[in-house]
Amino acid sequence: MYPRAFHYHRAGSLTEAVTMLSQLGDDAKLLAGGQSLIPLMKLRFANPGHLVDLNFISGTSYIQEEDGGLRFGALTRHAEIADSALAAKIPIVHDCAAGIADVQVRNRGTIGGSLAEADPSGDWAVVLMTLATEVRCLGTNGERTVPLAGFVKDAYTTALAHDELVSEVRVKIPAKGSGGAYIAFKRSAPVYPTASAAVQLTMDGDVCKDAAIVLGCVGLTAIKVTDAEVALRGHSFTDKAIKAAMEAASAAADPQSDMRGSADYKRTLVGALVKRAIEAASHRARGEQVEVSHIYA
Amino acid sequence: MPETIEKVAIRLKVNGKPHSLQVEPRKLLVELLREDLDLTGTHVGCDTTYCGACTVLMNGAAVKSCTMFAVQADGAEILTVEGLEKDGKLHPIQAAFGDSYGLQCGYCTPGLMLSTAQLLANNQQPSDAQIRKAIAGNTCRCTGYQNIFKAIQRAAQTVKGA
Ligand SMILES: Cc1cc2nc3c(=O)[nH]c(=O)nc-3n(C[C@H](O)[C@H](O)[C@H](O)COP(=O)(O)OP(=O)(O)OC[C@H]3O[C@@H](n4cnc5c(N)ncnc54)[C@H](O)[C@@H]3O)c2cc1C
Ligand code: FES
Ligand code: FES
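Line order of the protein sequences matches chains A and B. For what it's worth, this note's numbering labels the leading residue of the first sequence as 1, then goes sequentially. For what it's worth, this note's numbering labels the leading residue of the second sequence as 1, then goes sequentially.
These are calculated hints, taken from the structure and not from any lab test. Check before you lean on any hint, since a few could be wrong.
From the derived model, a few chain B residues whose C-beta atoms are all more than 12 Å from chain A [claimed, not checked]:
(1) 17
(2) 51
(3) 69
(4) 74
(5) 103
(6) 146
(7) 150
Some chain A residues close to chain B (C-beta under 8 Å, calculated; not the full set) [said to hold, decoys possible]:
(8) 35
(9) 103
(10) 108
(11) 190
(12) 290
Heads up, simulated BS3-like pairs for lysine-lysine below, C-alpha to C-alpha not over 27 Å straight-line [said to hold, decoys possible]:
(13) A:29 - A:89
(14) A:29 - A:153
(15) B:89 - B:13
(16) A:42 - B:27
(17) A:172 - A:275
(18) B:7 - A:42
(19) A:224 - A:275
(20) A:275 - B:7
(21) B:133 - B:150
(22) B:133 - A:89
(23) A:29 - B:27
(24) A:209 - A:172
(25) A:176 - A:224
(26) A:42 - B:150
(27) B:17 - A:29
(28) A:172 - A:153
(29) B:150 - B:89
(30) B:27 - B:17
(31) A:42 - A:29
(32) B:150 - B:86
(33) A:275 - A:209
Every value quoted in this text rests on a predicted model; they were computed, and no experiment measured them. Quick reminder that beta carbons are idealized off the backbone N, C-alpha and C, glycines included.
Take these sequences, add in the hints, and give me the full structure.
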């Protein structure tokens, strides 16, 4: 399958990419890992007249620790993050990167491209919403910092202007006593999840001091479940507290019935995923090493 | 429809052999390999980034060549199934797929062998779980995967012993 013909431009720097976007206008699109854009172009759901390729810009793929946070260059591939000991300082970030699709997609797909795509089934926004995450955006007027919650506006819609790009993603490393886990339910590796749950907990002994609970694939964007967080905060993990969190998650989910399952099924499923993620996260918050894997049908 | 599209000059190495080509930007890497370089060992299965039949290594990393433009391979080293064999001798991965009956129709096999090549280049003692994860992006409609799994274990033994 051939996409519509397009003009190809290779940017030498992120600043040059922004200039190209502003000169070429609405008909131009950035090309990062291409793992969302190229399939869409082949199906002719996306038909850009110009592509600005970011892949040849050096120094855009990195993971660095600075001021108690991790910085990810926009072009950092999922595979690099999955293999990085530094990124594993935030276990939920490792869970996310290692669980996206398959080896081949992870070798190409980028964290910046994923956030910019804002696919309702994408993993990164779900996980990064449980953490203090900022998106650095570079435009013709310079750089600005947008908190992730304000970056994703709607399905496939972000705060980026047409001639603006994601340059870096910054994530605060959670304090000691905090741990998280991300668990998705998938039919196979090379597909998006049916539903997913990201949980980040801060524990004081057996009592939960703080909780962030975010659901994926069950709404137009990631859904932060405040009621589930409230159900856990200040409590120890009794069956009752966990059940309340599961019910709050099922109630907050707003899924569509589709080939992956009915809306009712996904609502039940996401509650169960929240339970499993709470269990894994609470172990990690206590400093235990817990392997977490997605669940494959 | 767009006016004339400029072709782009690229240089790449495929199975060690250098090439300089003029390519249309929308040409996919798999089409460059199959149609321009006559390397038809790389297959197109789904053409929608799912099946992994088109997997090749780019600078050592497995990629789905139906989901990359050829212009993006400028400056890269590509390894396809044709590059596995050396001096008329099968690569240990190829031999292991044969010896373990790791293929039936063979459509998925080149992609699977290249995913295996990335795995074994970085890890000569893969666990069962690591093997499964390494080939999760490759679909086989014939074998039921058990013999593929055994082939990869066998290949790991030979590569390690070599
Ligand atoms: C078979 C398959 C399975 C997949 N499964 C999953 C999954 O389970 N979970 C998951 O999260 N994802 C999944 N993906 C998507 C994958 O993670 C993509 O890599 C990702 O969504 C997009 O990143 P990219 O770098 O490939 O972006 P591209 O496809 O290159 O670009 C996507 C969009 O973002 C824009 N863009 C790219 N980079 C930037 C930037 N720096 N600034 C601004 N705009 C930019 C592009 O113009 C384009 O509109 C899957 C993809 C495939 C093909
Ligand atoms: S042909 Fe490329 S993934 Fe199926
Ligand atoms: S051997 Fe036929 S598809 Fe795998």
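Quick rundown of the hints versus the structure:
1. The beta carbon of residue 17 of chain B is kept farther than 12 Å from every beta carbon of chain A, the shortest such distance being approximately 23 Å.
2. A beta-carbon of chain A is positioned within 12 Å of the beta-carbon of residue 51 of chain B; the least distance is around 8 Å.
3. Remark: the non-interface label on residue 69 of chain B conflicts with the geometry, its nearest Cβ contact in chain A lying 7 Å away (cut-off 12 Å).
4. Not every beta carbon of chain A lies more than 12 Å from that of residue 74 of chain B, the smallest distance being close to 8 Å; the non-interface claim is violated.
5. Once the 12 Å rule is applied to beta carbons, residue 103 of chain B is consistent with being away from chain A; the minimum gap is 19 Å.
6. Distance to chain A confirms residue 146 of chain B as a non-interface residue, since its nearest Cβ pair spans about 17 Å, more than 12 Å.
7. The beta carbon of residue 150 of chain B sits about 20 Å from the closest Cβ of chain A, which is more than 12 Å, so the claim that it is off the interface holds.
8. For residue 35 of chain A, the shortest C-beta to C-beta distance to chain B is roughly 6 Å, which falls under 8 Å, so the interface hint holds.
9. The beta carbon of residue 103 of chain A comes within 5 Å of a beta carbon in chain B, closer than 8 Å, and the hint placing it at the interface holds.
10. Below 8 Å, beta-carbon pairs count as interface contacts, and residue 108 of chain A has one with chain B at about 6 Å; its hint therefore holds.
11. Against a cut-off of 8 Å between C-beta atoms, the interface hint on residue 190 of chain A holds, since the closest Cβ of chain B lies about 5 Å away.
12. For residue 290 of chain A, the interface hint is violated, since its Cβ never comes within 8 Å of a Cβ in chain B; the closest pair sits about 15 Å apart.
13. At roughly 34 Å between alpha-carbon atoms, residue 29 of chain A and residue 89 of chain A are farther apart than 27 Å, so this suggested pair is violated.
14. Distance hint between residue 29 of chain A and residue 153 of chain A is fulfilled; the C-alpha atoms sit about 19 Å from each other, no more than 27 Å.
15. Distance restraint check for residue 89 of chain B and residue 13 of chain B: the Cα-Cα separation of roughly 21 Å lies within the 27 Å cut-off, and the hinted pair is therefore satisfied.
16. A hinted pair counts as satisfied when its Cα atoms are at most 27 Å apart, and residue 42 of chain A with residue 27 of chain B qualifies at roughly 11 Å.
17. With a CA separation close to 25 Å, the supplied pair residue 172 of chain A and residue 275 of chain A stays within the 27 Å bound.
18. For the hint linking residue 7 of chain B to residue 42 of chain A, the alpha-carbon distance of about 19 Å falls within 27 Å, and the restraint holds.
19. Restraint check: the Cα-Cα separation between residue 224 of chain A and residue 275 of chain A comes to about 15 Å, which is no more than 27 Å; the hinted pair holds.
20. Our distance criterion of 27 Å between C-alpha atoms is broken by residue 275 of chain A and residue 7 of chain B, whose separation comes to about 54 Å.
21. The hinted pair formed by residue 133 of chain B and residue 150 of chain B meets the criterion: a straight-line CA distance of about 14 Å does not exceed 27 Å.
22. Distance check on the hinted pair: residue 133 of chain B and residue 89 of chain A sit about 22 Å apart at the alpha-carbon level, within 27 Å; holds.
23. For the proposed pair residue 29 of chain A and residue 27 of chain B, the alpha carbon gap of about 17 Å is at most 27 Å, so the pair holds.
24. With a C-alpha separation of about 18 Å, the suggested pair residue 209 of chain A and residue 172 of chain A falls inside the 27 Å cut-off, and the hint holds.
25. A distance of roughly 23 Å separates the Cα atoms of residue 176 of chain A and residue 224 of chain A; the hinted pair therefore holds under the 27 Å criterion.
26. For the hint linking residue 42 of chain A to residue 150 of chain B, the alpha-carbon distance of about 36 Å lies beyond 27 Å, and the restraint is violated.
27. Using a Cα cut-off of 27 Å, the hinted pair residue 17 of chain B and residue 29 of chain A is violated, with the two alpha carbons roughly 33 Å apart.
28. For a cut-off of 27 Å, the pair hint linking residue 172 of chain A to residue 153 of chain A stands: about 22 Å separates their Cα positions.
29. The suggested pairing of residue 150 of chain B with residue 89 of chain B holds, with an alpha-carbon distance near 21 Å, which does not exceed 27 Å.
30. For a cut-off of 27 Å, the pair hint linking residue 27 of chain B to residue 17 of chain B stands: about 20 Å separates their Cα positions.
31. Taking the CA atoms of residue 42 of chain A and residue 29 of chain A, the gap is near 15 Å; set against the 27 Å cutoff, the hint holds.
32. Proposed proximity of residue 150 of chain B and residue 86 of chain B is supported: the alpha carbons are some 23 Å apart, at most 27 Å.
33. Restraint check for residue 275 of chain A and residue 209 of chain A: satisfied, since their Cα atoms lie roughly 17 Å apart, inside the 27 Å limit.
Consistency note: the structure conflicts with the earlier hints numbered 2, 3, 4, 12, 13, 20, 26 and 27.
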